[in-house]
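All chains, please: the whole structure from these sequences, using the hints.
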Amino acid sequence: MRLFANYGIVLEFPNVQTCCGQPAYNSGYWEEAKAAAKTIISAFADSDFVITPSGSCAHMVHHYVEMFKDEPQWQEQARKLQGKMFEFSQFLVGVLGIKDLGAHFPHKVTYHPSCHGSRLLGVKSEPMELLRNVRGLEFVPLPFAEDCCGFGGTFAIKMADISGAMVSEKVDHLIETEAEVLVGLDMGCLMNIAGNLRYRNQPVRVMHLVELLYEGVSNSNEHAANGA
Amino acid sequence: MSTQQTALKGTVKERAQLALNNDFLRQAVRFTTERLRSGKLKAAEEHGNWDEWRERGRQIRLHTIAHLDYYLGEFATNARENGVHVHFAATAQEAIQIGLAIAQAKEAKSAVKSKSMVTEEIHLNQALQSLGIEAIETDLGEYIIQLANEAPSHIIIPAIHKNRYQIAELLSEDAGEQLPPETSVLAGYVRKKLREKFLQADIGVTGCNFAIAETGSIVLFENEGNARMVSTVPKTQITFMGMERIIPSWADLEVMATLLPRSATGQKLTVYMSGISGPKRADDGDGPEEMHIIILDNGRSLQLGDPEFQELLNCIRCGACLNACPVYRHIGGHAYGGTYSGPIGAVLTPALKKNVAEWDDIANASSLCGACYEACPVKIPLHDMLVSLRRRKVEAGHGNALESAGMKGFAGVMSSSKVYHSTLKLGKLGQKLVVRDGGIPAKIGPLKGWNSHRIAPSIAKKLFRERYGELKAELGQQVKANAEVEQRMQQWLKGRQDGGISHE
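Chains as they are written, first to last, in numbering that gives the first Met the number 0: chain G, 0 to 227; chain S, 0 to 503.
Source of the hints: derived by calculation from the structure; they are not laboratory data.
The structure presented is a predicted model; accordingly, all values stated were derived computationally and were not measured.
Where a beta carbon is used, it is the ideal one built from N, C-alpha and C, also for glycine.
It is possible that part of the hints are untrue.
Partial list, computed: chain G residues near chain S (C-beta under 7 Å) [unchecked claim]:
{"#": "1", "residue": "35"}
{"#": "2", "residue": "71"}
{"#": "3", "residue": "156"}
{"#": "4", "residue": "159"}
{"#": "5", "residue": "161"}
{"#": "6", "residue": "202"}
{"#": "7", "residue": "206"}
Following this line, the structure appears as structure tokens:
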């Protein structure tokens, strides 16, 4: 919110929203998913743009049109929502054309592209452009970056050991990079990776891109204040 | 007992656990899938315009499957004109009966086979052996797993789960002498042994990569030359093919020959590509005197007309989805429990069965990451199909009772932001008992699985929805209007109104 305020945008947070419904949808419980989806559709009926800090939630909205195929009124609303739904970096770079926030973040950083955001929603270049323009940031590529971290929502609970093997391998690669910070665009994946890092007592910091940019902008502001 | 029944023992989780505890298997699978996956990416990049080729491949497959009755008819007519005996089998059992009747009529004692997934699907080897007919796999990988009495664990690399030391042991036992774990020596042994088998065999059994409707021909892709031996030396050839193997023309084969080897192994072309249009003609130097093609349905036609699953029939069995799959990478093929493994197997195995209640839980063994779809040369949306399988099982009332109750609770909480907020507040209160340093390490209740590999985060002391009001009030005074940003948003909105701009 603070980042967007710098560009004259006040983010609204309609209180009626709950969850996009993906946990139920992916598990095959579409009726239950619809109950959650309706809160999202209603919440943003009057918004021009809808922004979410998760590529996975943003992509979930793309399933609404099919989910509501027997409820034309909801389906129409769902179609409208899909057209104005954006993942955070997609909105910042794609709509606003902002690629450089003037952030300063002097750390070694690596990036995990979450599957739904990058593969299904197609958000690939946006986060890289934003990171490229952060001063002082040393970017190190993550080996096998595109491999799923093993989160998969209820998959991590239902198939816990397969998921555990996947996140352990992801974190092995992360440790190989010797990065101080892992950045991503999806809280589910980040929670998964951070949980495994903590389980293994590894000190790598896990941040959402928004958090990194905000901290970077604050660093720059402090720098300017000290310099003045 | 058939291999498939053996493999299906236990639940997906139990079978996966066996694999997860087997370091040899995991290392072997990781090593080979990585090699194949990177080979594929390199080959696709070198070829260029890969996505356009994929789309072309998809269109050919979509068209063929949409008119499958027509092209099957054309194929059968042309093949019969070429002197081939064409048979249609509705079930695995029928296909076996037809195959065995041919073998019995020829008083066959042995059959050599080239690699064929469809004969694995119908368990042909066991059926032949039950009649005392020796069935010999002649693809090196298939030969190895036949010795081990196992099912293939990968569509194109059947013995992917074994390393060369394990293979050397198996082949040494077969040879009656100790063979060194050197690939060339091991392959040399099998080559010599199989030569005799080829010469003795009464029947050659092949699969079929593509069947060309316009000439009634079958096409085989292979690297070892064994399929050529199988289809030229024995007097009788029996080809088994799934009814969806058809493509209309040789021109379409060009696209498939571009997609298949590159997607499978990263090769530009396999070492041998054979087109076979019928039995030996008067002036041919070799070839079978009699040729049969058995076309198998076995659940395939159930997908026709099903909007969610018809595209399954587009599959060209390249195995690229297995090599790209992060789940397959850790659990290998046997954990899937069917003839076909990996993402395609997780969908195909249940889809080929009529009864939803019998569907295994393999559809749950996926994080839905979409790597399979991205790797697929004909763009089959396997990740969406996995969700459809889960939904159909739930809708048919065969879901897990505990999960079902949980999802009802989910709907109850998520349909109202008030209930949702109260639940979170309740959670904040409840977690006080288990939070340590801002995390929840206890392996209890639903967190047991999660916390066996991680530490769960706790719910924030103050939720964003509780902070939002203050934050907005605070920022309200600081917001600086930005003309450029405002203009870009207006432009976007105008574009949307005109129907011109869409971000999809």
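Original post:
Given residue 159(G) as an interface hint, is the shortest Cβ-Cβ distance to chain S below 7 Å?
Top reply: 3 Å, holds
Subject >> Proposed interface contact between residue 206(G) and chain S, which counts if any beta carbon pair is under 7 Å >> reply: 14 Å, violated
Subject >> Agreement of hint residue 161(G) with chain S interface, Cβ distance less than 7 Å >> reply: Nearest chain S Cβ about 6 Å off; hint holds.
Original post:
Was the hint right that residue 35(G) lines chain S, CB cutoff 7 Å?
Top reply: Residue 35(G) check passes; min Cβ-Cβ to chain S is 4 Å, inside 7 Å.
Original post:
Hey, does the residue 156(G) contact hint survive, CB to chain S under 7 Å?
Top reply: 5 Å, holds
Original post:
Should the interface hint for residue 202(G) be scored as holding, given a Cβ-Cβ cut-off of 7 Å against chain S?
Top reply: 14 Å, violated
**OP:** Return the status of the interface hint for residue 71(G): holds when the least beta-carbon distance to chain S is below 7 Å, violated otherwise.
**Re:** 18 Å, violated
Of the numbered hints stated above, those contradicted by the structure are hints 2, 6 and 7, listed in ascending order.
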